[in-house]
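Q: Spelled out, the chains give:
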Amino acid sequence: MGRPGLNRRQLLATAGGITVAGSFGFAALGTGADALASSADTRVRYWNLFSGGDGSNMIAMLDAFRAANPDIDVKDSTLQWGNPFYTKLAMAAAGNRAPDLGVMHLGRVPGFSPGRLLDPWDVGLLARYGVREADFDPALWQRGVIDGQLYALPLDIHVQLCFYRKDVLKKAGLLGSDGRIVPVTSTDDWFAVLKEAKKATKKGLQTIGLWVNDQNFQWWFFVAFYTQLGGTWFDAAQRRVTFDTDKAVQVLEFLRRHITDGYADPALGSVNAEQFVNGAPFAWEGNWSVPVYSGAKLDYGAIPLPPVFGEQATHAESHSFVLPHQSDRGGGTNEAAHRLAAYVVTHAQQWAAGGHIPAYTPTLSTPAYKKLDPQSEYVSAMTHQATEPKVWFAGSTGILAQRIGPIVVSSTLGSAKPDTVARRMKSELATLLAMKNPMDGRTAAQGGTAA
Amino acid sequence: MTTSAQTVFAPARATTAADSATLRRKQGFQHGGWFVAPFLVLFTLFVIWPLLRGVYLSFTDANISGDGASFVGLDNYREALDDPLMWDALGHSAYFTLLVVPCITVLAFLLAMLAHHIERGKWLWRLCFFAPFLLPSTVAGNLWQWLFNPGTGMINHVFGIETPWLTDKSYAMLAIVITTLWWTVGFSFLLYLAALQSIPDHLYEAAKLDGANAWHRMVHITLPMLRNITGLVIALQILASLQVFDQAVVMLDFGPGPENATRTFVQYTLEEGFTSYRVGYASAISIIFFVLIAAVALARMWLLRNREEGAAR
Amino acid sequence: MTTKAWTPSQIILTLLATAVSLVFLSPFAWALFTSLKSETEAVEVPPHWLPENWTGQAWTALFETGNITNWFVNSLVVSVCVTSVVLLVSALAGYGFARTEFRGKGVLMGVVMAGLMISPAVLGVPLFTTVQQMGMVDTYWGMILPQCAPAAMVYILYKFFQGVPRELEEAAFIDGAGRWRVFFTIVVPLARPSLAAVGIFTFIASWNNFLWPYMVTNNPDLMTMPNGIATVMNSYGIQWAQLMAGGLMAGLPLIVVFVFFQRQIVAGVAHTGLAGQ
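Residue numbers (UniProt numbering), protein chains in the order written: chain D, 1 to 451; chain V, 1 to 313; chain H, 1 to 277.
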């Protein structure tokens with residue numbers, strides 16, 4: 001003990017010992033600091049994939065819910081949209097550590113193994129909190145029903161839109177007397193519009209941003225225009241591929257032409273929003289960009305994707321609430337999850353500000369909703385939705401989109417010829433149709449869950 | 001001090017009980033199984049068992065939910081050999097390895113030579129070259145995603161170019177390689193530096209006396225003395241690069257890159273297993289990957305043994 | 001060598017090293033300056049190095065949202081647990097393989113060496129299903145235990161113990177000391193530098209580990225820094241200033257550790273590297 005270094009050493013050893021012991025103790029408690037600190041009676045863990053404008057709207061709605069229900073603590077977590085989100089949700093459910101409430105795209109529900117990875121909603125409980133089937137579009141509600149049980153509670157419909165800068169189009173003489181873009185009914189019309197718009201565009205900006213290198217957007221646009229042409233995917237029994245390569249080639253050539261004619265710049269493919277804000281006349285984007293552009297105080301409008309092949313149709317998906325599978329689901333936490341979902345669905349006015357069309361129809365007829373602009377300009381999109389085929393491998397960033405999206409991009413960017421790409425798409429569709437859903441070992445034709 | 005007391009008394013005890021001492025000495029080194037047991041338990045549970053389980057799952061159509069798997073024989077392997085996406089992914093990992101390994105080896109060597117020959121501020125150079133390695137992979141990935149960003153990124157701005165780094169299939173992998181070089185070269189650099197410092201000075205002094213110039217000293221002393229460490233650096237880099245995942249997915253937002261150009265093998269196995277829920281198939285391609293990795297490791301051992309035999313002769 | 005001459009070659013080398021260092025450090029500087037800009041200034045085109053308006057908003061926002069402090073604690077807990085288990089277990093095993101006899105040692109050693117080729121990157125999917133069976137998905141133990149069986153660390157310590165002269169232990173055995181006592185009072189103190197190297201490397205590897213925590217944790221409450229930063233988004237979209245601040249927070253602790261323990265770490269790399277030759 002005579003050496004002065006010994007005290008310091010003892011001190012270090014003690015501190016080290018405490019750190020190690022503390023770490024093991026903390027790990028043994030196992031819940032994480034946040035849950036330890038929570039003092040509310042009921043804690044609802046809620047996962048979503050909303051960022052940007054959607055994220056702030058969701059937070060505002062959650063804060064309102066928290067204020068109205070002080071005994072419920074909502075722990076919301078935003079995971080990265082797309083694959084990471086669905087992967088995490090599936091793994092958590094498979095590992096029996098699922099959150100109490102989650103968000104999913106409606107198109108993904110059939111493939112997400114309802115019953116295994118998802119638990120059904122208690123419709124009676126939902127009704128007690130004000131959510132009834134009668135207040136929803138029947139077709140939309142039915143998409144969440146599988147084997148007679150409600151697995152997905154629809155929150156909204158979101159669509160792909162053609163955003164346009166009124167200030168730029170006015171200069172180009174492309175605005176009608178009502179202050180809206182002149183009608184476009186053919187590809188010739190459309191490229192004539194782009195040609196005029198390009199003349200009025202500032203230097204350094206592209207004429208239109210259409211996410212030419214993004215496999216999701218390119219796939220959504222493809223679905224929209226292919227549907228405008230009346231194209232189909234599979235026969236009713238889901239045994240045969242009915243994909244029409246001629247129609248596909250038309251769509252692919254149409255998408256490609258935006259680049260070859262110099263309206264879209266691949267180098268600016270990932271910064272479409274910034275380009276639009278800086279004065280690019282057009283951007284094709286999801287309606288979730290509405291708060292971004294409104295926030296930037298732009299003079300702009302938005303219509304569904306133009307019916308260049310005659311028929312109106314634009315790509316649509318829906319966000320919905322789901323109950324990820326928990327083996328011991330029930331009790332106060334489960335009731336709180338129902339209460340929270342019902343609250344958000346029925347207080348959708350705030351959500352509509354994010355550009356989405358609320359699924360809860362009473363919201364649509366309120367004066368507050370009718371005043372929203374440009375939402376009122378594209379609400380009609382609800383009646384001509386272009387959706388992916390209803391099979392287990394479809395849905396937002398599902399296997400179908402993952403496999404076919406990059407193929408569409410390769411045509412748009414010019415690394416492959418449209419007719420080659422159309423054939424590859426068809427053979428990929430055939431492969432997928434023959435593939436067994438790993439969750440139940442059945443193909444789409446045999447699949448009860450997908451019907 | 002108890003130990004000195006023991007030493008004092010020990011010889012006396014040893015003479016009276018020499019036999020039992022020998023016995024104790026022998027016993028001391030026997031039945032060491034208990035030393036190894038804790039490690040073996042963990043090793044069996046988290047390394048051996050998953051390997052065996054992977055082999056088993058690869059013959060089934062197991063899904064993510066962990067129940068209801070049935071035996072499908074060699075179907076998964078047959079599908080894998082025919083799966084263009086798997087071969088693409090393998091190609092991307094191999095391409096990445098091919099780009100990274102030579103670059104990192106040469107760069108690490110040059111940096112080590114530089115730091116070794118400067119007399120002042122050695123700790124500073126060491127810190128500068130090694131610091132990136134201390135960042136988590138995801139932080140390095142985010143940082144370079146931000147540097148490569150079109151418009152707002154510094155790289156294009158500094159060099160006055162407009163390269164679509166992360167949105168064009170011909171540049172995306174290159175961007176990942178550059179990130180990896182910056183991030184990981186420090187480790188190989190330290191290995192080289194340590195090896196350089198372990199070369200005895202007298203070799204150089206003798207060569208100087210013989211009139212060898214700096215170039216000759218490098219070619220005839222430094223490089224031969226670094227042969228072993230170079231072998232190690234290359235082997236470690238090949239094994240690590242084939243398993244690339246973190247920075248690639250972070251820089252491309254967990255996607256497969258423009259036109260699938262950066263989907264690596266590890267990424268593909270995880271996508272099949274956790275995103276498409278096909279655990280059986282993912283296990284099969286994991287086993288294929290394991291065989292590949294093992295082949296690389298065994299090839300290195302074989303080369304090493306050959307060289308040692310050659311040196312012994 | 002107390003006074004070093006500024007010979008022309010030294011000047012050239014120093015200038016060269018300075019230039020290279022600047023290249024290596026500039027991404028750090030860019031991250032730091034970005035984190036001190038407002039979110040709107042961060043995404044201005046064209047970009048500029050220094051903030052026009054210096055602001056700590058990204059850092060305060062980071063702490064207010066709370067996740068980052070949780071993740072920091074989680075990283076610390078996981079890394080400390082992994083490091084202590086690995087040190088204990090691999091020191092025992094390294095010694096056991098190097099010094100003691102037991103049936104099947106040769107075969108077991110071979111199996112452990114084969115384990116060098118297995119990592120969560122190679123066999124992640126089966127490892128996940130194993131941990132899933134054990135009910136440890138989304139738990140600290142599920143994150144910690146699979147990181148606690150590193151064959152490489154056993155190998156490094158095995159090499160070290162092989163080089164320790166036997167006489168020290170033999171003398172102690174003759175004195176009647178038990179095996180465990182010999183191990184803890186004689187062998188472990190001798191091995192302190194090697195153990196330090198193994199400990200530091202295990203800590204770095206565990207702190208920075210992304211792949212396995214990414215696979216096994218989905219609950220944001222339990223995530224470690226590298227995992228949380230990469231998978232949990234800010235609800236307001238990608239905010240680069242905050243992202244850079246978070247990244248610096250995840251990276252700085254180890255850089256500080258390196259500055260303080262540089263000698264030991266460099267010796268550790270040398271030691272482990274040269275052992276592997």
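By construction, these hints were calculated from the structure, which means they are not laboratory data. Mixed in with the good hints, there may be bad ones.
To be verified - Distance condition first, Cα-Cα at most 25 Å in a straight line; then the derived PhoX-like pairs of lysine-lysine:
{"hint": "1", "chain 1": "D", "residue 1": "Lys171", "chain 2": "D", "residue 2": "Lys199"}
{"hint": "2", "chain 1": "D", "residue 1": "Lys247", "chain 2": "D", "residue 2": "Lys199"}
{"hint": "3", "chain 1": "D", "residue 1": "Lys297", "chain 2": "D", "residue 2": "Lys417"}
{"hint": "4", "chain 1": "D", "residue 1": "Lys426", "chain 2": "V", "residue 2": "Lys169"}
{"hint": "5", "chain 1": "D", "residue 1": "Lys417", "chain 2": "V", "residue 2": "Lys122"}
{"hint": "6", "chain 1": "D", "residue 1": "Lys436", "chain 2": "D", "residue 2": "Lys426"}
Said to hold, decoys possible - Residues from chain H that face chain V, not an exhaustive set, calculated with beta carbons under 10 Å:
{"hint": "7", "residue": "Thr34"}
{"hint": "8", "residue": "Ala42"}
{"hint": "9", "residue": "Arg192"}
Note that the Cβ used here is the ideal one computed from N, Cα and C, for glycine as well.
Q: Next, verify each hint and record whether it holds.
A: Evaluated hints:
{"no.": "1", "hint": "D/Lys171 with D/Lys199", "result": "9 Å, holds"}
{"no.": "2", "hint": "D/Lys247 with D/Lys199", "result": "31 Å, violated"}
{"no.": "3", "hint": "D/Lys297 with D/Lys417", "result": "41 Å, violated"}
{"no.": "4", "hint": "D/Lys426 with V/Lys169", "result": "24 Å, holds"}
{"no.": "5", "hint": "D/Lys417 with V/Lys122", "result": "57 Å, violated"}
{"no.": "6", "hint": "D/Lys436 with D/Lys426", "result": "18 Å, holds"}
{"no.": "7", "hint": "Thr34", "result": "7 Å, holds"}
{"no.": "8", "hint": "Ala42", "result": "7 Å, holds"}
{"no.": "9", "hint": "Arg192", "result": "17 Å, violated"}
Comparing the model with each earlier hint shows violations of hints 2, 3, 5, 9; every other hint is respected.
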